[in-house]
Amino acid sequence: SRDRSALIPIVQTKMDGERISIYNESVRTDRPLSGLLLKNLTDLTLESGSLTVIDRDAYAGEALMERLKPKEQRLISFALDLGTLVTTRNIEDREPAKLVKVVNGVFQVNYFRTNKRTYTLQNQSDRERTVYIEYPVQQGWELSDDAPKPDITTNRYYRFRVALKPFAKETMTVGTKQALLESYELSDLSRQQLELFLTRRYINDATRQKLEKLIALRTQIDAIEAKLEQLTEEEKKIGEDQTRIRENIEALSKTAEAKTLIARYIAKANEQETRIEQITKDRASLETEQTRIENELAAQIRAFEVS
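Taking the numbering used here, the leading residue of the sequence shown gets 1, the next gets one more, and so forth.
FYI, nobody ran anything at the bench for these hints, they're computed from the structure. Every clue listed holds true.
Computed cross-link-like contacts, EDC-like style, restricted to lysine to aspartate or glutamate with a CA-CA straight-line distance of at most 20 angstroms:
| id | residue 1 | residue 2 |
| --- | --- | --- |
| 1 | K281 | E234 |
| 2 | K71 | D43 |
| 3 | K237 | E277 |
| 4 | K213 | E305 |
| 5 | K213 | E225 |
| 6 | K268 | E233 |
| 7 | K71 | E18 |
| 8 | K149 | E170 |
| 9 | K71 | D151 |
| 10 | K116 | D93 |
| 11 | K98 | D205 |
| 12 | K210 | D188 |
| 13 | K213 | E289 |
| 14 | K237 | D282 |
| 15 | K39 | D55 |
| 16 | K227 | D282 |
| 17 | K101 | E305 |
| 18 | K227 | E277 |
| 19 | K98 | D146 |
| 20 | K237 | E225 |
| 21 | K39 | E72 |
| 22 | K165 | D126 |
| 23 | K236 | E247 |
| 24 | K116 | E170 |
| 25 | K236 | E287 |
| 26 | K169 | D30 |
| 27 | K268 | D241 |
| 28 | K236 | D282 |
| 29 | K210 | E294 |
Ranges of calculated distance between the beta carbons of each label pair, as one might list FRET restraints:
| id | residue 1 | residue 2 | range |
| --- | --- | --- | --- |
| 30 | E287 | V106 | 25 to 31 angstroms |
| 31 | K101 | S190 | 18 to 24 angstroms |
| 32 | T199 | L228 | 33 to 39 angstroms |
Quick caveat: nothing in here was measured; it's all calculated off a predicted structure. Ideal Cβ positions, reconstructed from N, Cα and C, are used throughout, including at glycine.
Based on the provided sequences and hints, a complete structural model is requested.
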């Protein structure tokens, strides 16, 4: 009748399935879900839909299954597994530098950031259990060389199979690594960055000495730039002062005391002109020295090789 539904059998055959548990930390942190590893041994495609699970003539739960093509297998979950307890521990670290080189004046350090997640599974029942640990696939990350090989790999998960005897405890550690690159301009290398290189053991003593020379040249250039900035600031103040002197002279020309004060202002202006001439000479000298050191720095960077 209207507004009613019925289950109509379309395929009546045995399916290959294994009773398992599925642990996904993002779903629940302490316990896995009870489930099935279902294999489609028919020649038919089973469309997605709901499943009612009966275990030993007793209702076990409801599940949702995605489309299952012939010869495919799928993990489905239908209830909470109260007989298995899971704890996790995570350690993040970084491996020593894998490759250190200089490319176009840039100091490059290639290394791996690592993550190790340890799963401890405790079977709290008197029945053997098989647990699939779902570890998420992350873009830019790969399994470490010492990681266990996953039993199933999908676009979203690495799945690791763990067999648990009654009341037994098992531990599995899954390691992943991410390749990273740190870059440092040799022309702007600082003392703090050099100390970082030493702390992380990027370089040996021979390379350290070469970098010390670059830093010394950079320090000289910075000192010259600071002096040039001081000269520019002084010249600016003199220019502002001379503007005030001219304004004062124009105002004083209408007074009786003009002659004496004007002479004093003119004397000061002459002193300032002399100072401006000296500033011009000092600037030219500093800029010449700056160019020389910059050329030396550039030459050393071009010839730089990591020992």
